[in-house]
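Asks: Next come the chains, spelled out residue by residue.
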Amino acid sequence: MSSGNREKLDNPVMEWVDSRLPIFSLLQKEYGIFPTPKNFNYFWNFGAIAMVMLSLMIITGIVLAMSYAANTEIAFDSVERIMRDVNHGWLLRYLHSNGASFFFIAVYIHIFRGMYYGSYKQPRELLWMLGVLIFLLMMATAFMGYVLPWGQMSFWGATVITNLFSAIPLVGDSIVTLLWGGFSVDNPTLNRFFALHYLFPFLIVGVVFLHVWALHVTGSNNPLGIEPKGKQDTLPFHPYYTMKDSFGIVVFLIIFAGFVFFAPNYMGHPDNYIPANPLVTPTHIVPEWYFLPFYAILRAITFDIAIPFTGLVLCPAKLGGVLLMFGSIAMLFILPFLDKHPVRSARFRPWYKIALILFVINAFVLGVCGGKPAEGFWVPLAQLCTVYYFAFFVVIIPFLNKKEPVVPLPNSINEAVLNKNTKAAS
Amino acid sequence: MMIKFTLTLLVVVLSFSPLAQAGESSHAVEKQNWGFNGPFGTFDRGALQRGFQVYTQVCSACHSMKYLSYRNLSDLGYDESQIKAIAAENTTIDMNELDEEGEPIERPMRPSDAFKNPYKNDQQAKYANSGALPPDLSLIAKARAGGPDYLYGLLTGYEEPPEGVVLASGQHWNKVMAGNKIAMANPLSDDVVGYSDGSPTTAAQYSKDVSEFLMWAAEPKMEIRKRTGIKVILFLLVFAGLMYAVKRKIWADVKK
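So the sequences go chain by chain: A and B. Quick note on numbering: numbering that gives the first Met the number 0 labels position 9 of the first sequence as 8, and the sequence is numbered without any gaps. Quick note on numbering: numbering that gives the first Met the number 0 labels position 184 of the second sequence as 183, and the sequence is numbered without any gaps.
Looking at chain B on its own, in the form it has when it is part of the complex:
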């Protein structure tokens, strides 16, 4: 009975966590049926690669992902030579490698390099986006209540503003964004990215794939975490059973 009480107490306590509370956006974020939901859920490698393609061809024009390096793409199922090729599509000015005149050289990027930042610094990013700083996307899936559901909702949430609402220039109406006004124009429309695996080239599919990719980017250790967790819980369950059996045996002669 005491255990029941304690568990109930725990559940009640947890239901007060900030995450359990309603989000701030004016529109409830719809939960999607992600393959990575639940204790056994894993990322879909195809979706991750497609999502990376959407990021590279669309999002990366304005958004950095500074906590990711090209080498991390091995998680997406790319092999070493593919990763080298992907990295080498961009160049960087390397302050540690100088030519004979002492000037830093511009060289192709390597797997160990962080993803190319579209801007030299935040100031340039703001200037290019009429004052709004496009957030770094490395952690965006964990930095917004609702996570990937929110991202999908946001990317598919662009609408005509309701009648009577006047948007300032550079503002757009989004039903999921807090306050509904967002500086980013609708970035995705049908057929802007060509998929090679036959997946539908719709804005909704792009949104879904890129949201999954961003979830992986924010939590790249999710799969190993869950696999470890299953083993830990199984071990602890057996251990608890054993402890309970020993405890009962020891206590058997106490209460008569």
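Chain A extracted, bound-state conformation:
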């Protein structure tokens, strides 16, 4: 990672280091003068915000691990000890538990921004796919983290989700035994989940590094979705976007602090303050809110797929649900190859814009369905929404590839910015 022709630094100590390991030159290149489109809106803050949340989660998590005991006999007690007796333990734990929710909020908005402005399109396909991989790792990390307090929802959530793998033909049961480290969710499960919950954030850091690296190769997309054509279209990252990001981060932290300090259990489930009891099943087992849309997709498949009149079941309902749930993430993964439309930004794609807004609403409705018991009209509603979720990717987007009328694009970012400002002035 040589930075090519290096400029000499004034400070002799920095120069000594930089000539041997050009870390200051690298920072200057990637975060100092890094040319960034000048027309970002506040949606472009959420990458930096997600980075802050990841750091916060790792720091609070490591400190919590110093007082937490991964043993089914005392896990719940050790969490209560953190809440009551460890200095500022309540603060650490509430930062960590609400931090997970706010990390997901930031990342969901970040993903929406990518979809709305076509950030996943050529040449940023790999950048996007690394992002989806981060999302997948986050889901695994969050799921295992939720198990650690060993409350009722921890235990039963772990039971339901790990049992999903048993739907896989032939090897499913062996996989479940491996996950559990035995024949039910028990102490070995808690131990391995704790070990993996500690490991995964560092895997996330690794993939985030690749994600940011890929970003610094292609450069950022922007709300117009057209590439910068020269200096007049860009600004150096510092101080323009370091400042804008700082402001956005602080605003996000205000909302976050509102929850941590004034409604710390709002996004949690009361049942998780009941110690895990393998003999008592909660009335409704629900995952954390950020999994609800996927949980709804999982439960939407209530029927076996069989060959008519033979009774031969090709795909039992459980396997169908599991396939669709993982398929819903896979759809995001292959989105860059489904969407071939040459225009990136939804600003210039009126039909795609409508389809995407419907997709977001659809995801919220799925979330509501996931939080309700799987009965009554919630089942067909979840099924309908699941159909739209997948139709968006495999029907609507390919259809729009050929049929969508293109709204004329501005010639350059600079021109668009100037036009907008003259309009605003007059």
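To be clear, the hints were calculated from the coordinates, so they are not data collected in a lab. The hints are all genuine.
Here are the computed lysine to any residue pairs in the SDA-like style, where the Cα-Cα straight-line distance is at most 25 Å:
1. B:LYS119 x B:ASN95
2. B:LYS246 x A:GLY218
3. B:LYS225 x A:ALA256
Since the structure of chain A is already known, use the hints to place chain B on it.
Replies: Quick look at chain B alone, frame taken from chain A:
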């Protein structure tokens, strides 16, 4: 506009949290006007002490509170000597202190001891309560949807069963309990606990005080949390203002 959009999105997201959804009980829990509601709310020390009295004289016959120690009672406004006296009202068999024959000794409890458990173990608790295990109350205010409102509703929710409903022996009708059938008999009635501060000695007052006490027990750091929160939010607001001013100044020469 984007900020507005984002905030709206946040609100929508949050409204889907499990807590935002309707509770499971067949009767809506009425919200009470607690002194500890809201960002500036604090516990009422008098209510906490009365609630502790109700717990000690009534609830503690069957319910443990294993995450609380007598030393925690300093939050309720008791001083050290009062706490020592309260703790010493009970004795414990201390496995770490042996007499010369090597038998564990029975000694008065100390402030550092956890609240006395009415039963030796869960098995004994179940046996004494016709098979139903009285839950530990340390976290009960956070472990039930509705929290203290639910507890108050439950304690004041005992009614005659509707006509045609036959209750099994050991069951009682409660309008707030999920499924309406509860193993615990109505624990509170007027004048069962004598208050020294002149508060009304009614079942409703007892219920209110003990619910507040249980909320404190479940969330003893609530007051420091809110006080810290006010400072953090004020700091962040000033910081955000500063960041915005700097950002505007830096960006002033960009868009012309």
